[in-house]
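Trainee: Following the hints, position chain B against chain A.
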Amino acid sequence: MGPITANDNPAMIDLRNLSRWYGRFQALREVSFQLAPGRVGLLGPNGAGKSTLLKILLGLLPPSSGSGRVLGHVLGEDSAALRRTIGYMPESDALVPGLRGAEYVALAGELYGMPRREAQRRAHEVLTYLELEEARYRRLEEYSTGMKQRLKLAQALVHDPPMLLLDEPTSGLDPAGREAMLRLLLTLGREHGKAMLLSTHLLGDVECVCDTVLILHQGRLLLQGSVAELCRRRHDRYRLQIQGDATTFREELRLEGVRILHDNGRGELRVVVPPGWATRTFFALADNHRLLLRGIQPDDEDLEELFHRVLNEEGRHGRESEPGRDA
Amino acid sequence: MGESRNQAATPELLHYRPWRGAFRPPIASVWPIARVALMSLFRKWMFWVIYVLGLLIFLLFFFGQYLLSWAQTQAGETEVQLGGWGRTNPRQLIQLFRGLLKLDGGPQTYHNFFSYQGYIVMIVLALAGSILIGNDLRFGSLPFYLSKPLSRWHYLLGKGLAVAVFINLMTTVPALLLYAQWGLLESWDYFYERFDLLLGILGYGAVLTVTLTLLLLATATWLRRTVPLIMTWTTLFFFFRLLASALVDGLRFSPRWRLIDLWNSTSLIGRTCLGVPPRPMAFANQPPWHEAALILGGVSLLCLIYLIRRIQAVEIVR
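If you read the protein sequences in the order shown, they are chains A and B.
Be aware that the first sequence starts at 790, since it is given in this note's numbering, and climbs by one per residue.
Be aware that the second sequence starts at 270, since it is given in this note's numbering, and climbs by one per residue.
Careful, some of the hints might be misleading.
Here are the computed distance ranges between Cβ atoms for each label pair [said to hold, decoys possible]:
hint, chain 1, residue 1, chain 2, residue 2, range
1, B, Asn554, A, Ser853, 53 to 59 Å
2, B, Met500, A, Arg927, 55 to 61 Å
3, A, His913, B, Leu438, 29 to 35 Å
4, B, Gly544, A, Ser853, 54 to 60 Å
5, A, Gly993, B, Ala475, 45 to 51 Å
6, B, Phe507, A, Glu923, 45 to 51 Å
7, B, Thr503, A, Ser853, 45 to 51 Å
A few chain A residues facing chain B, derived, Cβ under 8 Å [stated by the list, open to error]:
hint, residue
8, Lys844
9, Pro879
10, Ser881
11, Gly887
12, Phe1072
13, Asp1076
Rather than coming from a laboratory, the hints here were simulated on the basis of the structure.
All C-beta atoms in this analysis are idealised placements derived from N, C-alpha and C, irrespective of residue type, glycine included.
If we strip away everything but chain A, and leave its shape as in the complex, we get:
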């Protein structure tokens, strides 16, 4: 019998008009989405409703209205069974002082409902997989930040859940540690069939690990789509490398309707061209100004730009739809 993975479930998360109120404050507004098993990034600024959504998905909070399922479990019905299918990695340290690494992970296994011996065996296995075997018997207080993050991942993985819920998994890590953690998550998702919902404010993490992204803003689902689709190469963006005094060249570009997104001052420009633009025009303009155009490459919109664009568009739509604004 093969391992149960998230792929056995038709929908990893299926939410219908989910809302959550805290008194008079609405943290989530009619959120609806359906996610197939995979690696999903959850993005949103502070106060967007990410934490509330995570609480509901973990069965810690019932929705005020609406309904939903996580890996086939109806939200608000059997939260213990739901949490057993999820491995949750909290953002905070959430360590038990005085315990050793192996004890901590084994305790997590027992709390998930594993028999003690199996939890202990599995704890050693998972810690070995995560390259913490030498630190197994060290007290948790002696762990470095990177080790603590891996330890938190170990306690989420100990019962081999089909789905991981990761809250800021790279928080506090240095670049090398962050890269290692992201690669680890990618491996878990790709090679071991772990579905994951990665809540973060680091857009690069989502871009690196996830294939789908959800953007929450002010309790509403602003955007849902595949990361690849959203970051798809856009045909109106170019990265130019020029040699020579570009001052007049930039002016000329602006007159032609080209928008300069970024100028690093060392001859590299990122630009957005108007519709119907022909690439050879760059060469013609450079020639006019006696500049050498050393490079010209189509450019991508990264997730950060995407995030801000979506928020700006949302803001624009909001202003346009405000009553009385047209008047």
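Mentor: Just chain B now, with coordinates in the frame of chain A:
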């Protein structure tokens, strides 16, 4: 070079193996929580120092009973000279000692044992409160527990079980050992004739367990750190005792003022459980035991309500 180092630092998951097995119900999580809490406590050297102190009291009772019982079997009917005080029957002398030291397997023996042992328990609990539960709030361990498939009740039960196991290891279990020892030393009939004492020991142990467990969990959840916890327990069990004594014995206030002394209230209920005959002088200034029970019940209920509210307020996902 740098890339290869990064790759070398990447955790290897090639041997990741799935786990297949049946999960146990959430109630099975209670014991692991209790076990880990006790383990954290047992790892502190200070605990063992105080535990050994507590053990000395038990050994005093245990060997006191044994010694007097052995001496009784060795003593003949012949009278012996007691220095310049005259002659006496050794058996009567031993009986006198038993009566004076209350090492006669009677209700007062167990009540005294609980009282002396209780002081040690108090000190350990005040020191251990932060380890048993306070640290969970102080270092953010609660999200670890509560994000698992168990409810807040299971968590509280686990922590309560840890405290209860500890209290009973220090009080009820040794008291039961003393009961068994007396029966084995004296006569098997003791077990039948004084079965009420067995129930009394269990009852007194239960009162101490419930009251002290809830009080410790609530105060440790509230104060978290060891020093404030010790100060609060000192106030509750030492300062209030002095205050109650000053009000009732000194200023002749109503004996009901003794109800602010929680330790006195547990002792009163303990006396009732064990059937200790009242001492006229001491009990003239004591409130009735059912009022003490009411106060302890009220305090326990308040602690429970506070605990539930406090644990519910914990943010598991921040």
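Trainee: Does each hint fit the structure? Answer for all of them.
Mentor: Tested hints:
1. In this structure, asparagine 554/B and serine 853/A meet the distance hint of 53 to 59 Å, their C-beta atoms being roughly 57 Å apart.
2. Distance hint for methionine 500/B and arginine 927/A: a CB-CB separation of about 34 Å, inconsistent with the stated range 55 to 61 Å.
3. The hinted range of 29 to 35 Å is satisfied by histidine 913/A and leucine 438/B, whose Cβ atoms lie roughly 31 Å apart.
4. Taken as a hint, the range 54 to 60 Å holds for the pair glycine 544/B and serine 853/A, whose Cβ atoms sit roughly 56 Å apart.
5. About 58 Å separates the C-beta atoms of glycine 993/A and alanine 475/B, a value inconsistent with the hinted range of 45 to 51 Å.
6. A C-beta distance of roughly 48 Å is found between phenylalanine 507/B and glutamate 923/A, which places it inside the suggested range of 45 to 51 Å.
7. For the hinted restraint 45 to 51 Å between threonine 503/B and serine 853/A, the CB-CB distance of approximately 46 Å keeps it satisfied.
8. Evaluation of the lysine 844/A hint against chain B yields a held restraint, the C-beta minimum of about 5 Å falling below 8 Å.
9. With its C-beta approaching chain B no nearer than about 5 Å, proline 879/A sits inside the 8 Å limit, and its interface hint holds.
10. Interface restraint check: serine 881/A against chain B, minimum CB-CB distance 5 Å, threshold 8 Å, status holds.
11. A hinted interface residue such as glycine 887/A counts as satisfied when its beta carbon comes closer than 8 Å to some beta carbon of chain B; here the least separation is about 4 Å, so the hint holds.
12. The beta carbon of phenylalanine 1072/A comes no nearer than 36 Å to any beta carbon in chain B, farther than 8 Å, and the hint placing it at the interface is violated.
13. With a least beta-carbon distance of about 40 Å to chain B, the hint placing aspartate 1076/A at the interface is violated under the 8 Å criterion.
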